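Trainee: Sequence:
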Amino acid sequence: MTEPTISILPDKTALVQYALGRSVDIIQQAIADHGYCTLALAGGSTPKPLYEGLAQQDLPWDKLYIFWGDERYVPVDHPDSNAGMAKQAWLDQVPIPADHIHITPTAEGDPAQSAQGYEDMLKAAFAPLQPLSGAGFPRFDLIWLGMGDDGHTASLFPHTAALEEAERWITVGDKDGEPRITFTASLINHSRRVMVVAAGASKQPALAQVFSATAADADYPIRLVRPTGTLEWLLDAEAVGNLALPDAQRITP
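The sequence shown begins at 1 in the working numbering and counts up by one.
Some clues are possibly wrong.
[What the hints assert, rightly or not] Taking lysine-lysine pairs in the DSS-like style, the calculated list, with each CA pair at most 25 Å apart, reads: (1) K63 x K12; (2) K175 x K48; (3) K48 x K87; (4) K123 x K87; (5) K63 x K48; (6) K12 x K87; (7) K63 x K87; (8) K12 x K48; (9) K63 x K175.
[Stated by the list, open to error] The calculated label-pair distances, taken between Cβ atoms and stated as ranges, are: (10) A98 x V24: 16 to 24 Å; (11) Q93 x K175: 36 to 44 Å; (12) H159 x A98: 14 to 22 Å; (13) K123 x Q56: 16 to 24 Å; (14) E167 x G44: 37 to 45 Å; (15) D25 x A215: 29 to 37 Å; (16) V94 x G35: 12 to 20 Å; (17) G21 x E167: 20 to 28 Å.
Quick caveat, the hints were computed from the structure, so don't treat them as lab data. Every value quoted in this text rests on a predicted model; they were computed, and no experiment measured them. Backbone N, C-alpha and C define an ideal beta-carbon position, used for all residues, glycine too.
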């Protein structure tokens, strides 16, 4: 892994616009390089305006392949569904082929079965696309991640069994006893590029530990994100506060 880049924007609006511009550049470059872009989406509230911005872009939508880094164990039409939010804000507004949108299965009633089903879906989707890594994992062109106030990312929560999964692509996360379907850290770390977007003062305590030399990965699981490709942190000023982040770049729109 190369050293991560850290970009600090003055506020959340500027952060979203910068993330939108960076994402469009990465998507276009991937398509120019090999004819398509494999993209894993984040959930939560922060990426919604990013998705709404993407819906206004003029991109070769038939070249995109869409996946989700994690999903709550609810139907896609449930208000808490990450896929449902992305569909409403973006995917239903643009002509991405339906068979390019790989929604996490959550109807089986058995989270372990759903995790295996999603892994099988990813393997089938990647088979005709770019070759897998030497370790047998897919190499996404871009994975978007958020970070919770507790330092979790995707549905990799502190001190849960999902953190220990090294061989699978997909596993079951545990949020206070509620199951989630999630990418494993191993899958994330084989991505060509990972972009972490985090905003708000509530993120400061976790960020201080994420960039600490002594904090434990199990306490702040986003520390496990060490991709073989590149890692970009995009933060707003409130999230950073007075933290000293070496080599961070403050960007003025």
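Trainee: Could you work out which earlier hints the structure fails to respect and list their numbers in ascending sequence?
Mentor: 1, 9, 11, 12, 13, 14, 17
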